[in-house]
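Colleague: Listed below are the residues making up each chain.
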Amino acid sequence: MYRKAFALMALLVVAGLVLTACAPQTVTVTVPVKETVPVPVEKTVVVPQERATVRLSGWAANPQETALLESLLYRFSLENPDIIVKYEPITGDYWQAIKTLVGAGEEPDIYYMDIFQFPFFAKEGVLLPLDDLMAATGTSRDAFIPDLINAFTYEGETYGIPKDFNTLALFFNKDLFDQAGLAYPTDDWTWDDLKAAAQQLSQPDKNIYGMGVPADPGRFPIFVFQNGGRIMTEDFSDTLLDSPEVAEAARFYTGFYFDKSGALPSDVGEGWQGTAFGKGNFAMVYEGGWLIPYLNQQFPDLKYGAVLPPKGPKGYGNLIFTVAYVISKNSKNPEAAWKVIEFLTNEASQTTVLESGFALPSRASLINNPYFESHPESAAIFQGANGATPFMWGLYGSDVNEKMGQALERIYLEGQDPEASFQQAAQELREIMGK
Amino acid sequence: MFSQAKRRKLSEWFTAYVFLAPWFFILFVFVLFSIGWAFYLSFTDYNLFSPPKWVGLSQYIRVLRDRDFLQRALPNTLQYVAVVVPIQTFISLIIAFALDQNIRFRRFFRTAFYVPSVTSSVVISLIFVWLFSKVGIINQIFHLKIDWLNSPTYALPTIMMVNIWSTIGTMMLIFLAALQDIPLTLYEAAQIDGANRFQILRYVTIPALRPAIFFVVTMGVIGCFQVFDQIYVMTAGGPLGSTTTIAYLIYKWAFGSTNIQMGRASAVAFILSLMILVVVLIQRRIIEREE
Numbered sequence: 001m002y003r004k005a006f007a008l009m010a011l012l013v014v015a016g017l018v019l020t021a022c023a024p025q026t027v028t029v030t031v032p033v034k035e036t037v038p039v040p041v042e043k044t045v046v047v048p049q050e051r052a053t054v055r056l057s058g059w060a061a062n063p064q065e066t067a068l069l070e071s072l073l074y075r076f077s078l079e080n081p082d083i084i085v086k087y088e089p090i091t092g093d094y095w096q097a098i099k100t101l102v103g104a105g106e107e108p109d110i111y112y113m114d115i116f117q118f119p120f121f122a123k124e125g126v127l128l129p130l131d132d133l134m135a136a137t138g139t140s141r142d143a144f145i146p147d148l149i150n151a152f153t154y155e156g157e158t159y160g161i162p163k164d165f166n167t168l169a170l171f172f173n174k175d176l177f178d179q180a181g182l183a184y185p186t187d188d189w190t191w192d193d194l195k196a197a198a199q200q201l202s203q204p205d206k207n208i209y210g211m212g213v214p215a216d217p218g219r220f221p222i223f224v225f226q227n228g229g230r231i232m233t234e235d236f237s238d239t240l241l242d243s244p245e246v247a248e249a250a251r252f253y254t255g256f257y258f259d260k261s262g263a264l265p266s267d268v269g270e271g272w273q274g275t276a277f278g279k280g281n282f283a284m285v286y287e288g289g290w291l292i293p294y295l296n297q298q299f300p301d302l303k304y305g306a307v308l309p310p311k312g313p314k315g316y317g318n319l320i321f322t323v324a325y326v327i328s329k330n331s332k333n334p335e336a337a338w339k340v341i342e343f344l345t346n347e348a349s350q351t352t353v354l355e356s357g358f359a360l361p362s363r364a365s366l367i368n369n370p371y372f373e374s375h376p377e378s379a380a381i382f383q384g385a386n387g388a389t390p391f392m393w394g395l396y397g398s399d400v401n402e403k404m405g406q407a408l409e410r411i412y413l414e415g416q417d418p419e420a421s422f423q424q425a426a427q428e429l430r431e432i433m434g435k
Numbered sequence: 436m437f438s439q440a441k442r443r444k445l446s447e448w449f450t451a452y453v454f455l456a457p458w459f460f461i462l463f464v465f466v467l468f469s470i471g472w473a474f475y476l477s478f479t480d481y482n483l484f485s486p487p488k489w490v491g492l493s494q495y496i497r498v499l500r501d502r503d504f505l506q507r508a509l510p511n512t513l514q515y516v517a518v519v520v521p522i523q524t525f526i527s528l529i530i531a532f533a534l535d536q537n538i539r540f541r542r543f544f545r546t547a548f549y550v551p552s553v554t555s556s557v558v559i560s561l562i563f564v565w566l567f568s569k570v571g572i573i574n575q576i577f578h579l580k581i582d583w584l585n586s587p588t589y590a591l592p593t594i595m596m597v598n599i600w601s602t603i604g605t606m607m608l609i610f611l612a613a614l615q616d617i618p619l620t621l622y623e624a625a626q627i628d629g630a631n632r633f634q635i636l637r638y639v640t641i642p643a644l645r646p647a648i649f650f651v652v653t654m655g656v657i658g659c660f661q662v663f664d665q666i667y668v669m670t671a672g673g674p675l676g677s678t679t680t681i682a683y684l685i686y687k688w689a690f691g692s693t694n695i696q697m698g699r700a701s702a703v704a705f706i707l708s709l710m711i712l713v714v715v716l717i718q719r720r721i722i723e724r725e726e
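So the protein sequences, as listed, match chains A and B.
Anchor point for the first sequence: position 135 equals 135 in the numbering used here, and the numbering is continuous, going up by one each time.
Anchor point for the second sequence: position 209 equals 644 in the numbering used here, and the numbering is continuous, going up by one each time.
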């Protein structure tokens, strides 16, 4: 019995050896001439040049975006027959998957890197600096929107080429504005205009609120910036959540909830304010470009517009959400990988990305693209990057987000004073950061 | 030289182990090695990217001083176990008694009560998110205005309800099987001795169910200490950490963070298994004493 098992195992091992031994090469073959005397003849078998394989991974946000990337990769394969790109999208928890892969040294050559996660990867030195590769092909950092490429720069070296980005814009429901007899928001609005409009738009008895004010660390910080504050110090070594600028911003932001000119998404039974906006429960929300395809698909009849976020006491402030392509330090074909990235972020590809309507391209030169004239909402989000701050709080980013969200929740749910609540958040955060 | 019999015995052993080999492979690689490796990691500082750095007991000390662990995860988990286990055991026992009687549509009820147990817990969680939303059906039926899952007071009890609702089916099934295993002769003997229905329940049925009760409570305790998926889907540990449990904290430190803390997560995992072990041992002691 066990002999058979051994025989089977031996067979498998041999099969493995045979299978791995097939590689194209120049070979000397013995060709029998006539029927009797074999004469050795040198014969060259034409084999294609060694093709480099590059693995590329990202999250699959939706089928359309995947199709867009696949079509770009197809175009790349026509121009570069010597490089095979294997696209391996990761479904499910992308960061859990990619971190485990990096830990095991099995990560793809190219993968998506969100700015929020970037500090950890940069500090651990698992990414390849791209400056030499960029210089070799004459790609300049200046071709990209400065805030984006700077965000992926660590200790003077470029580690990622931004593939697209988003900022927040003030989306407004035109019908609700018309019903209230109000003029639509403009790029020149201030906090006061916002507050006045929200109060006039709110009809709590009809489940309609002027503005969505979720306890969301991805929305609230723009009010801090507009109030001249910061979330973290310049070098991210300490938090500034206990500064008076933050407390004032929180007082203004949560004020919408307390005077019923704004509400949380859960107040109208939604998990996300984008849905509440689509259903007409919220007249205004701060969201990014991702809201546009969602609204077009789910709420095609909704009439809406988008403008730059209103200015605060200290002027303009916004968040930049951006994702880059990075190359793994373990990549065996960094030049080939760079060729892929260069293609995916060149002007032609980025124009395709822009025209698809899914994301905003990272190339500064595309500001004059005619697409923006016919799509003012996208233009507002593209222009929003001027003077905006990347959505990134350093190594402890997820803890900062959690504490910021909890500080807002304490104000909303327990009626705590904004100043005390954010002081508690800062104190808890410093405990985590080991201060 | 081996004798004929001895050789045959040896060969039988060998055959047996060849058949067991696949299972042993899985046991050693995916269970014992993983546990051993996690135990080692709990004494290190490890972020997946850099090699583990030995730090002795400091991860354990750090955990036992951590605000999220002490003030949220630990009390939430204990409260969860203390509420859910007795209620789910009690309700499933009652239902099992009822369905053991000769009532109409018995088969239908058995299936109906068991359906939640074969449904994905993620799907169940999503359905309950809708039911318990502020404008959801529960609030409309009872004319309430509670934002169940966004209130630090109600979020954990809501998740408890979901878990009780979805687990009683399996437990009912175990009790039902145990009830039908009790020999009718015992009941007849008790009736002849003049026992009334309550006495039969107290002195015949419940003692005969003791092994089933021990099993159900043990599985309940283990499941409740490890509660994760409902929380991950319904509240992500919020609001204000009111639904952060130990298992959720492990996930948060191991994967849900920009700054991975594998060592600390492993330390919590071992603290959790120690707690489960202690509780199960105490529980077994109690059941044994009753016998």
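Read the hints as simulated data drawn from the structure, not as lab findings.
Just so it is clear, the structure is predicted and the values come from calculations on it, not from any experiment.
Ideal Cβ positions, reconstructed from N, Cα and C, are used throughout, including at glycine.
Incorrect hints may appear among the rest.
Stated by the list, open to error - Computed list of lysine to any residue pairs in SDA-like fashion (alpha-carbon distance at most 20 Å, straight line):
#1 A/435 with B/572
#2 B/488 with A/395
#3 A/311 with A/413
#4 A/206 with B/654
#5 A/86 with A/135
#6 A/260 with A/86
Stated by the list, open to error - Far from chain B, by Cβ distances over 12 Å, these chain A residues were calculated:
#7 245
#8 258
#9 434
Colleague: Which numbered conditions among the earlier hints are violated in the structure presented, ordered from lowest to highest?
Modeller: 1, 3, 4, 5, 6, 9
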